[in-house]
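K.L.:
Starting from the given sequences, assemble the full structure and let the hints guide the process.
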Amino acid sequence: MRKYQPYIMLLLLLLLPLFGLSTYMMHILILVIMWSVIGMAWNLLGGYCGQVSFGHAAFFGVGAYTAGILYFKTGISAWWGLPLSVVIVAAEALIIGFICLRLRGPFFALATLAMGEVLRVTAENLRGFTQGALGILIKERTWVEKTWYYYIIVLIAVGAFVLVKKIIESKLGYYFVAIREDQDAAESLGINTTLYKTIALTISAVLTGIAGAFYTNYMGYIDPEIVFALHDISIITIMVVMVGGVATYWGPVVGAVIMVLLAELIRSLPRIGTAHQTLFGILLILIIIFLPNGIVGDYPKIKRILGFRRRVGTTS
Amino acid sequence: MAPLLEIRGVSKFFGGLAAVVDVSFRIDRGEIVGLIGPNGAGKTTLFNVINGFYRPSKGEILFKGKRISGLKPHQICRLGIARTFQVVKPLQRMTVLDNVIASAFLRSSSKREAVEKAEEILRFTGLYEDKDMLSRGLPLGKRKRLEIARALATDPELLLLDESFAGLNPTEQNESIEIIKKIKERGITILIIEHHMKVIMSISDRVVVLNYGEKIAEGSPDEVGRNPLVIEAYLGEAISA
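These protein sequence lines map, in sequence, to chains R and E.
So that you can map any letter, position 153 of the first sequence is 153 in my numbering, and since no number is skipped, the others follow by simple counting.
So that you can map any letter, position 100 of the second sequence is 100 in my numbering, and since no number is skipped, the others follow by simple counting.
Some hints could be false.
Unchecked claim - Straight line, CA to CA, 25 Å or less: simulated SDA-like cross-link-like pairs of lysine to any residue:
| # | chain 1 | residue 1 | chain 2 | residue 2 |
| --- | --- | --- | --- | --- |
| 1 | E | K111 | R | S170 |
| 2 | R | K301 | E | M133 |
| 3 | R | K166 | E | M94 |
| 4 | E | K111 | R | L172 |
| 5 | E | K72 | R | D184 |
| 6 | E | K184 | E | R29 |
| 7 | R | K171 | E | K64 |
| 8 | E | K89 | R | E169 |
| 9 | E | K72 | R | L94 |
| 10 | R | K139 | R | G75 |
| 11 | R | K166 | E | R93 |
| 12 | E | K111 | R | L163 |
| 13 | R | K171 | E | R78 |
| 14 | E | K181 | E | L140 |
| 15 | E | K89 | E | K131 |
| 16 | E | K89 | R | R104 |
| 17 | E | K64 | E | R8 |
| 18 | R | K171 | E | D155 |
| 19 | E | K182 | E | G80 |
| 20 | R | K166 | E | E113 |
| 21 | R | K301 | E | Q92 |
| 22 | E | K131 | R | S170 |
| 23 | E | K66 | E | Y54 |
| 24 | E | K181 | E | F124 |
| 25 | E | K131 | E | E120 |
| 26 | E | K89 | R | L94 |
| 27 | R | K171 | E | R8 |
In short, the hints are calculated from the structure, not lab data.
In this text, all values refer to a predicted model and were calculated from it rather than measured experimentally.
P.N.:
Structure representation (structure tokens):
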């Protein structure tokens, strides 16, 4: 049964639009799946390889701007930004990796955080190239309906999921986890830690960049404050994975569902809605204290607690 | 024929502190060489220099006649030198089997090959029963043996063992002595740091003694045991203690 789980999931995903969901529901679904992709990407680097990045907006934003600038400067469909972003973001990841991957632990995290901010400020000020804070508007939307956007992001997500799973089960996966657990031990076991960290970063960045390029096409408007956002992209990415479950296959998906729904819910609340960043911060603290392995990682624990409660309920 | 490992006038300074001073010795194929000395004598530092964690401040290290000082640890491991750590460094959140698979990949072309090799090595080191345990759950004795298993999985020609006996009970010590003898039968050369005199004297073909970073003696266990300098620096202390 467990073996068929992914296929059933896939079938459900493919059939969902046929149920005639409202445009708003489709929008939420698309966001959830897009965040799953970003979460999976981050999880590969942060969860499995242990290199915690606080700057994934750097890759999301460059992916988004690759599509945006391509359309704006040449008039070619922004969809070509998806394949092009792979090349551009891979090159970006190699440069950022060269600078940041020589640092370990919290120093790496801080360096990536700085990278994201550097790129945001750059995008704001290179007005001739990026339109600065004006942003880029995609005037011709490909589809009015959401259905095709949905199928495209499902395709990307399935591809990302399979890719991450294959990588983790291969030699690369063993090396990533070995580096996470002890970099010195890994190095002395013949693992070229610099090389494999760079590989993890590049794959992670490229997947994030594709999600960014998709975002440009889907939303039809980008500006640096949105796609290079420290909080709304970089931090939320980490939260998606932490809430769902670090270094688990389904963690980023579960995390994306919860974070997107929660964001919608909190923003719709009168008055407190404006404090959603604070509420997310509190949520993160609670997760770290009570579910350090996330919902998927601590699933047995959650089941135990819920099961216990139910039994108490029936006896009283 | 060139010796397997040749250490030529190696010194390592940390600022003004001389951890290893002008040490030279050689290791021939098939030998077990013991490296002994009081605490802080520079034994582990010397391992770190051989293994590539540190660059020697002076001197050079040749492996099979080729200079290896200056290479990165993973390159040196690929050439055929594997090591264990005094403070064990298991990959904690991986199972025992996965720990060994991770290092078996170095010389395996497929995952199946790596798994087979890892299982063979776990049987060899007597850890097969524990293969599905997370390595952080292992008792210290087995963690020390896991270090050896992981190093063996890289198919080394030279194995550097850093205090693989420290903290073991007598039964575990005997098991480890047997494993080391079996490793020698596989044709692997061993350089071992050890504090247990009985262990080192019984398994070593030759012993090198360091004190304050300098080599003060070298020879068969008997010769070294009778050397007055060694007795003063090391054995004397141990006996009077």
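K.L.:
Of the hints given before, which are not true for this structure?
P.N.:
7, 26, 27
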